[in-house]
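What follows is the residue order along each chain.
Protein chains: 2
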Amino acid sequence: MIETPYLLFLGDAPDQLAAKVAQGIKDWRPEYALGQFRMEGCKADMKLPDMDLKAAKAAGAKTLVIGVANRGGVISPAWKRVLIDALEEGFDIASGLHNLLREEEDLVAVAKTFGRTLHDVRIPSVKYPIANGVKRTGKRCLAVGTDCSVGKMYTALALDKSMREKGMKSTFRATGQTGILITGDGVPLDAVIADFMAGSIEYLTPDNDADHWDLIEGQGSLFHVSYSGVTMALVHGGQPDALILCHEPTREHMRGLPGFKLPTLEALRDTALTLAKVGNPDCKVVGISVNTQHMSEDEALAYLAKVEKEMGLPTVDPFRQGADRLADALAEV
Amino acid sequence: MIETPYLLFLGDAPDQLAAKVAQGIKDWRPEYALGQFRMEGCKADMKLPDMDLKAAKAAGAKTLVIGVANRGGVISPAWKRVLIDALEEGFDIASGLHNLLREEEDLVAVAKTFGRTLHDVRIPSVKYPIANGVKRTGKRCLAVGTDCSVGKMYTALALDKSMREKGMKSTFRATGQTGILITGDGVPLDAVIADFMAGSIEYLTPDNDADHWDLIEGQGSLFHVSYSGVTMALVHGGQPDALILCHEPTREHMRGLPGFKLPTLEALRDTALTLAKVGNPDCKVVGISVNTQHMSEDEALAYLAKVEKEMGLPTVDPFRQGADRLADALAEV
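In order, the protein sequences belong to chains A and B. Okay, so the first sequence: first residue is 1 according to this note's numbering, each after it adds one. Okay, so the second sequence: first residue is 1 according to this note's numbering, each after it adds one.
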């Protein structure tokens, strides 16, 4: 568990996109985003107060979160200076970089001296159990996609926001590094050992109130041959009561797999539901979330209406329209 | 790659069953099983020549394979003495024990001094790629089960034996520790990091002659919620041209999961084939392998005939009948 609130480290981000982790935190957990720390040449701006370490500490920030991708995959000397100062100032540090904090001897040594914690969210910090399949109390919703990177995390976060606004009980359950940094907790599923994948998701979504929803962040796709095993573990470990189908209609082939066509929404529905019913016979497909960012407003609305009619399920783009209709669909499960 | 031939270490096995790894090597790769090393009190016997280390070395043995499960999960001092002597004598050691050889400082030190290798086959020794789904030359067959431990490894090994006898080109591809120790090579799939599972199977089954069959050892089951993600990675990483359905008809619930019923063979066929076609649209289900060990001969034959009629596929128990009919089915693919 990462301590909040955060000071968001934007480093020397070359553009806004490089700081998408920081953007996610700002968008979805603004209450965690106390301020931003920008180095010379930083081209990203979260429109948060610029703070130095002392000011952020005085304002109550607990963790410096690396909200930016590093260039060349290594932690530069310029970054290193800030990170060491932050540890000395009393901050923990959280990072989803490939270049692990724990692999940097100086950071490890300084963190030890000052009693601070280095969170590498790419690496599991828990010894997960093997899944036992025992039915848990409370409800769970899983977003499954026709492909990778079609908006599953966004859908679950938007749903969480909508449900909270409606006074429903919900918790976003992160299964990837960005989600973990946004919420401060979760399972880095792609880095879990094969035998413990489903168990890690059972661990992540324990017994809860009967009217509480875990909104589980999806990963990969049952139709993406590189990562389908990870998705399968979510379908069975998550024991979902409800599935939401996620789709990006303009994609010409599966991400990173030229020659592999995307499945239809019907194929995704049938395959995902058949498999999900193994773990939870009462599972239902309740709605569809479409990422229409590459369509005009008119095209998007026409496409959403067409899918809704064909599939007979509430169909929205949560970015354009919010996730209220999906939340309403969950309320009826 | 583990050097062959082997001296099989049976230690102080309390019974024959405790030495099932040694039994597998003896049964399936007798040419690797030069002799056995038994300690005082050993109750297992592979009917191989009893050899001490010097005799086995003189006979050409390269690796001491731990063919027995250890009691209490730790390597005892009595075992340790033999293992150290073996390293000094010039043997490598191979083990599938939970208690890793590499965690024993004395073994590591002695192996280093004498230039020997410690093979812990539970742990991947390769940095596997992410799967790319690119179609490979040659053919692949995967055994998929209604449950775990229904005879998938046995089926693939029996098929390999039959195909070799028929002069067909085949290679058994191990994906678990016993299979790896039997053949000297493979991928310990249950210990692979989630993101690399399918890639490890692509790595295991590379391009080959057009008429060559990789017989991929199955793991878990698409219907076993604890391990289905591992199975899914085999279905997509393996890119099978042919599936063989494996079943154990007397089991009352999924292994380790009371309350979970086994799927029907029809459900396994439909689900596995739908998913396999994502990776290889030409995939076919070619036969059924039934483990009838808990049935009488009459019951077994009647059951096999009934399934063959219902499913319209060659149906055999390879232990009772050999795998020739399955090999013939592959020859027609």
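The set of hints was computed from the structure by calculation and includes no laboratory data. Heads up, some of the hints might be wrong.
Heads up, the list lumps identical chains together, so a pair's fine if it works in one copy or across two of them.
Derived pair list, reagent style DSSO-like, types lysine-lysine, alpha-carbon separation capped at 27 angstroms [claimed, not checked]:
hint, residue 1, residue 2
1, LYS80, LYS135
2, LYS135, LYS261
3, LYS43, LYS277
4, LYS306, LYS169
5, LYS166, LYS112
6, LYS277, LYS261
Against the structure, the hints come out as follows:
In this assembly of identical chains, the alpha carbons of LYS80 and LYS135 never lie at most 27 angstroms apart, being 47 angstroms within a copy and 44 angstroms across copies at closest. When the C-alpha separation of LYS135 and LYS261 is checked against a cutoff of 27 angstroms, the pair qualifies only between copies, where the shortest distance is 14 angstroms, while the shortest distance within a copy is 35 angstroms. Taking the closest pair of Cα atoms, LYS43 and LYS277 never come within 27 angstroms of each other, the shortest separation being 48 angstroms inside a single copy and 46 angstroms across copies. For the homomeric pair LYS306 and LYS169, neither the shortest alpha-carbon distance inside one copy (31 angstroms) nor that between copies (52 angstroms) is at most 27 angstroms.
In this assembly of identical chains, LYS166 and LYS112 lie within 27 angstroms of each other by CA distance neither inside one copy nor across copies; the values are 44 angstroms within and 65 angstroms between. Taking the shortest alpha-carbon separations for LYS277 and LYS261, both the intra-copy value of 26 angstroms and the inter-copy value of 12 angstroms come in at or below 27 angstroms.
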